[in-house]
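Colleague: Chains as they are written, first to last, in my numbering: chain C, -8 to 140; chain H, -8 to 140.
Keep in mind the hints are simulated off the structure, nothing from the lab.
Among the clues, some could well be false.
Identical copies look the same in the list; a pair holds intra-copy or inter-copy alike.
With a Cα cut of at most 25 Å, we get these calculated DSS-like pairs of lysine-lysine [unchecked claim]:
| hint | residue 1 | residue 2 |
| --- | --- | --- |
| 1 | Lys81 | Lys8 |
| 2 | Lys140 | Lys91 |
| 3 | Lys105 | Lys12 |
| 4 | Lys12 | Lys100 |
Protein chains: 2
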Amino acid sequence: MNNLDTTTVVQIGLIVKDVEKTARHYAEVFGIPQPSVVPIADDSFARTNYRGQASTARGKAAFFDLGAVQMELIEPVGAPSTWEEFLRTKGEGLHHIAIKTMDMAEARKFLASKGMETIQHGGWDGGQYAYVDCSEQLGTILELLHNDK
Amino acid sequence: MNNLDTTTVVQIGLIVKDVEKTARHYAEVFGIPQPSVVPIADDSFARTNYRGQASTARGKAAFFDLGAVQMELIEPVGAPSTWEEFLRTKGEGLHHIAIKTMDMAEARKFLASKGMETIQHGGWDGGQYAYVDCSEQLGTILELLHNDK
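Here chain C stands alone, though its shape is the one from the complex:
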């Protein structure tokens, strides 16, 4: 792999203190229905790993489709996680941009070869994610998303 094989950002991740409250404001400002809040990493597929260690930290999320890009609101629950660390050190704000990858292992290996290391990874029923710390190179965290099908 010589690059990420995609140039499409599919998601923007936003860390918030109170996902219900912020979702209500998004719905009001954009004139769209308020989505349900869903748990992140709350099942046997989660296998959350943060900086090399298993973690029981979770998140509460709400998703809005804003054009071709999805806005993901995440309220951290417990610790340690990149979500909790971001809220504690930077406050509420935009946490990551996400792309889809066909080959998670290759994409992580390519980024690691450029000094960009995975800080958190896990899965869900149907896919896996990895947050890669690209803050020195790309100014932000990059999330890799892989769907099994």
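Based on these hints, arrange chain H on the given structure of chain C.
Modeller: Just chain H now, kept in the frame of chain C:
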């Protein structure tokens, strides 16, 4: 106006220390050409206003189209500006999401009625922008973009 009349995010703004360096990394990681760096607010159309006062602060920007959303890298030059304030208080990171509006005055008035105030505005040859502080409500700064044509 009862809402923003759009649900499409067209741009993500990223504040960086060195726009040339970060643009080089984006080009390399995504496998795309490195764009030219362009000045923001460097002409007679700029009329930059920051927190109610005229400002001579500027920015150096580079733009990448990453799918349907544009990534705008901004290096602050001088002060005061929301770009310089963000870099100084939060460090490099994602600064705003942007939408297009047909009626800048109405959009600013609608957001102000919900407690979201414009912190910086200005223009270019062909349009205007406003950064609205929606950090309490939407967890981030929202940029309104208006093209004259």
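Colleague: Would you mind marking each hint as holding or not holding in the structure?
Modeller: The hints, checked one at a time:
For a Cα distance limit of 25 Å, the shortest separation of Lys81 from Lys8 qualifies both inside one copy, at 12 Å, and across copies, at 17 Å. With identical chains, the CA atoms of Lys140 and Lys91 are at most 25 Å apart within one copy only, with a shortest distance of 12 Å there and 35 Å across copies. In this homomeric assembly, Lys105 and Lys12 come within 25 Å of each other (Cα to Cα) only across copies, at 14 Å, whereas the closest approach inside a single copy is 39 Å. In this homomeric assembly, Lys12 and Lys100 come within 25 Å of each other (Cα to Cα) only across copies, at 22 Å, whereas the closest approach inside a single copy is 38 Å.
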